[in-house]
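Quick note on numbering: UniProt numbering labels position 42 of the sequence shown as 42, and the sequence is numbered without any gaps.
One thing to keep in mind: the hints can contain errors.
Listed below are the simulated EDC-like cross-link pairs for lysine to aspartate or glutamate, each with C-alpha atoms no more than 20 Å apart in a straight line [to be verified]:
hint, residue 1, residue 2
1, LYS228, GLU60
2, LYS334, GLU242
3, LYS355, GLU148
Per label pair, the in silico range of CB-to-CB distance [to be verified]:
hint, residue 1, residue 2, range
4, GLY349, ASP129, 25 to 33 Å
5, PRO37, LYS228, 35 to 43 Å
6, GLU242, GLY286, 38 to 46 Å
7, ASP252, THR2, 25 to 33 Å
8, ASN364, ASP252, 47 to 55 Å
9, GLU51, GLU113, 54 to 62 Å
None of these hints come from the bench; they were simulated from the model.
Predicted model, so just to flag it, every value in this text is computed and none were measured.
We put the CB at the ideal spot given by N, CA and C, even for glycine.
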Amino acid sequence: MTKMNQLQQYLKEQSIDAAFITDPYNVFYVSGFQSNPHERLLGVMVFAEAEPFLICPKMEMPDAKNAGWTGEIVGHEDTQNSMDILYQAAQSREIELKSLAIEKAHMTVERHESLLSAFGSLSIAQLDDQLNAMRVIKDDAELEILREAAALADYAIEVAARTIKEGITEVEVMTEIELALKKRGVTHMSFDTTVLTGARAASPHGKTGDYKLKTGDLVLFDLGVVHKGYCSDITRTLALGEPGEEQKKVYDIVYRSEMAALEAVKPGVTAAELDQISRKVITDAGYGEYFTHRLGHGLGIDVHEFPSIHGENHMKMEKGMVFTLEPGIYVPGKVGVRIEDDVAVTTDGYEVLTKYPKELQIINN
């Protein structure tokens, strides 16, 4: 059953006349058309009992067709009221729309009001849970793309290991990594590449800056690529020269924490159990207060997507789910270590998509 068929079946089961999908990630998921429309209207109108159509800026209509969308494409110009165009296209289906499902987590209040103004009285339902339920299970084709994306992330860490040396700046290392990836065809990163050296790595969401690496530093790399519309996300912490004893100790704790969670991954285990298993290793070692975030997050078309892997999420893992495991210890002013892998749930266990070694790598360039 295609993704579109799944949606139509859901609408029929819920007695909802249509769904209007506007989140660009979800538009790509159901249509294959990837676009960043900015303020312009982009969406797919899916009907329970009629053929869907895609609406986009008129200038992008050829791109939508080239992306493989074979249904009707409705274009709108900057001088037109795009909601009126949407309404007219929906009316052409000759279906009385009484109910419409939307992504409540994505649609702005302004756009919601414009939608109601154009369509009149509508019963609005949320579509977020259904789309999350569909996207959370990856099919074989999606898994293969995610493997390819992970391999590119591995390559990025290999470049990082070759590049770091005394005196080079974080920004210079980041530049070398992204240049090497571009030479391999990567056009977009999953997020801003992070390179943090020494005590600066104690900030979990620190920003790459003009700071020079020093021998003895631990250097944290957090990065990912967008490949064929899907994201990878990897973190490795490398040692530039021989690290100190506390650095080694912290690294070993984080390593054991990630391995404990990883070895517990299988269908039926809950997100909460994975977080608790990982967190216990760090807490028992006396560093619990320095593990300041959830264990991980879902991964796919978006780099952060459903489900959230934290201690209060009792959702059970299923075959085909892909998520990150990324425990960390962040001691302010001293040391920061995180290890992150992309993991797929298999029939009876797991597959680690990111392959770069997790053991502490001491780099002497």
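* To do: Identify every previously stated hint that the structure contradicts and give their numbers, smallest first.
  => Violated: hints 5, 6, 7, 8 and 9.
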